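Numbering-wise (this note's numbering), the sequence shown opens with residue 2 and increments by one.
None of these hints come from the bench; they were simulated from the model.
As the structure is a computational prediction, the values presented were derived from the model and not from experiment.
Careful, some of the hints might be misleading.
What the hints assert, rightly or not - Dumping the calculated EDC-like pairs for lysine to aspartate or glutamate here, alpha-carbon to alpha-carbon at most 16 Å:
no.	residue 1	residue 2
1	K229	D218
2	K222	E203
3	K99	D83
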Amino acid sequence: MIARIALFELRYWLRQPMVYIFFLLLAFLCGAAVAVDNIQIGGSIGSVYRNAPEVIYNFHGLMSFLGLLMVTAFVNGSAIRDFQYNTAQIAFSTPLTKSQYLIGKFIGSTLVALVPMLGISIGIIVGSWWPTIDPERLGPTLLAPHLSAFLMLMLPNVLFISAVIFAVGVLARSTIASFISAIVLMVGYLIAQSLMSGLDNEMTGALLDPFGLNALDQVTKYWTVSEKNTLLLPNSGVLLWNRLLWVGISVLVFLFGFLRFSFHDRRKKGVVSNEDGPALAVTAAALPNVERRFGAKANWKQFLHAVRMDLKAIVTGPVFIIVMTLGVAQLISSLSFVTELYDNVTYPVTYNVVDLIQGSLFLYVIIIVTFYSGY
Numbered sequence: 002m003i004a005r006i007a008l009f010e011l012r013y014w015l016r017q018p019m020v021y022i023f024f025l026l027l028a029f030l031c032g033a034a035v036a037v038d039n040i041q042i043g044g045s046i047g048s049v050y051r052n053a054p055e056v057i058y059n060f061h062g063l064m065s066f067l068g069l070l071m072v073t074a075f076v077n078g079s080a081i082r083d084f085q086y087n088t089a090q091i092a093f094s095t096p097l098t099k100s101q102y103l104i105g106k107f108i109g110s111t112l113v114a115l116v117p118m119l120g121i122s123i124g125i126i127v128g129s130w131w132p133t134i135d136p137e138r139l140g141p142t143l144l145a146p147h148l149s150a151f152l153m154l155m156l157p158n159v160l161f162i163s164a165v166i167f168a169v170g171v172l173a174r175s176t177i178a179s180f181i182s183a184i185v186l187m188v189g190y191l192i193a194q195s196l197m198s199g200l201d202n203e204m205t206g207a208l209l210d211p212f213g214l215n216a217l218d219q220v221t222k223y224w225t226v227s228e229k230n231t232l233l234l235p236n237s238g239v240l241l242w243n244r245l246l247w248v249g250i251s252v253l254v255f256l257f258g259f260l261r262f263s264f265h266d267r268r269k270k271g272v273v274s275n276e277d278g279p280a281l282a283v284t285a286a287a288l289p290n291v292e293r294r295f296g297a298k299a300n301w302k303q304f305l306h307a308v309r310m311d312l313k314a315i316v317t318g319p320v321f322i323i324v325m326t327l328g329v330a331q332l333i334s335s336l337s338f339v340t341e342l343y344d345n346v347t348y349p350v351t352y353n354v355v356d357l358i359q360g361s362l363f364l365y366v367i368i369i370v371t372f373y374s375g376y
């Protein structure tokens, strides 16, 4: 039964355009960052190969954090769908156990959340084929670094995000609560990063990082350019301990949500009376005579109303919020490295900053315009 529920979640989400939109978004972003200098993910690539293993690791680590809201959209949707559409009691009236229901939904939503992340590797591979790249800046296309980055960085990070959001979703049964939790997790992580930067013990900072970025930096910071171009992540040391620690925490978070979850709606308060109330007299209301107009003024008002309605639906929708949040986060990350170019320190002159902003956000503008043109 667990497998059937997980497969149902997979089939449901793979029929939704959001999966492929996020896949293409990550593929285009990572491909553009490999092919074009003005588009950066966590700073400039520097003097290493543009498709070096170290670049692949950095992209997977950073995008697993920047894609936090993407994972939230899938996991939260699976967690609260039955409650949102008022079908929960129908499902709970079947011979379905709590473990089958929760584990099946969690596995299915986590697997779906990993699908768009495959776009990172696709983007890097396709971006390295861009004709304007100097062939001397490219190394061989190897699958081992992509597999290593996916298993060591992406999979544990998505598992951690999924566990937190799924626990919040099944307990609060609210989309707002899940997305607030995701934003708190994102902001809290950034604040914690700034606080941990002052720690004298680098091992502690590396272990306490749920996304493994500090551990990754500690492993690779003493690598030479040649090693960054060739070496794979070691399956030992601080990075392995970090991954095991946060996978264990993910399991504990899921178990907390599992133990607290109940098929009964604990939010109901009081007793609903079955007694009929006093009969109310029904009187017909007098309706005024309305003059119907179909001229230019009426058309203009209808146009403005349609614009307001569609604009509100777009800017409050999850796709727009996630894409724009990802764009702003990526822009902030790029601006923090505006003084670094090809391992050289430069001044943040206006044309460099403007080019960086344009290059970072242009892709997101194209994605939003393209998506909502056919929405």
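Structure-based check of each hint:
1. Between the alpha carbons of K229 and D218 the distance comes to roughly 12 Å, so the proposed pair stays at or under 16 Å and holds.
2. Restraint check for K222 and E203: satisfied, since their Cα atoms lie roughly 12 Å apart, inside the 16 Å limit.
3. In summary, the hint linking K99 to D83 is supported, as the alpha carbons are separated by about 14 Å, within the 16 Å threshold.
In summary, the structure agrees with every hint in the numbered list given earlier.
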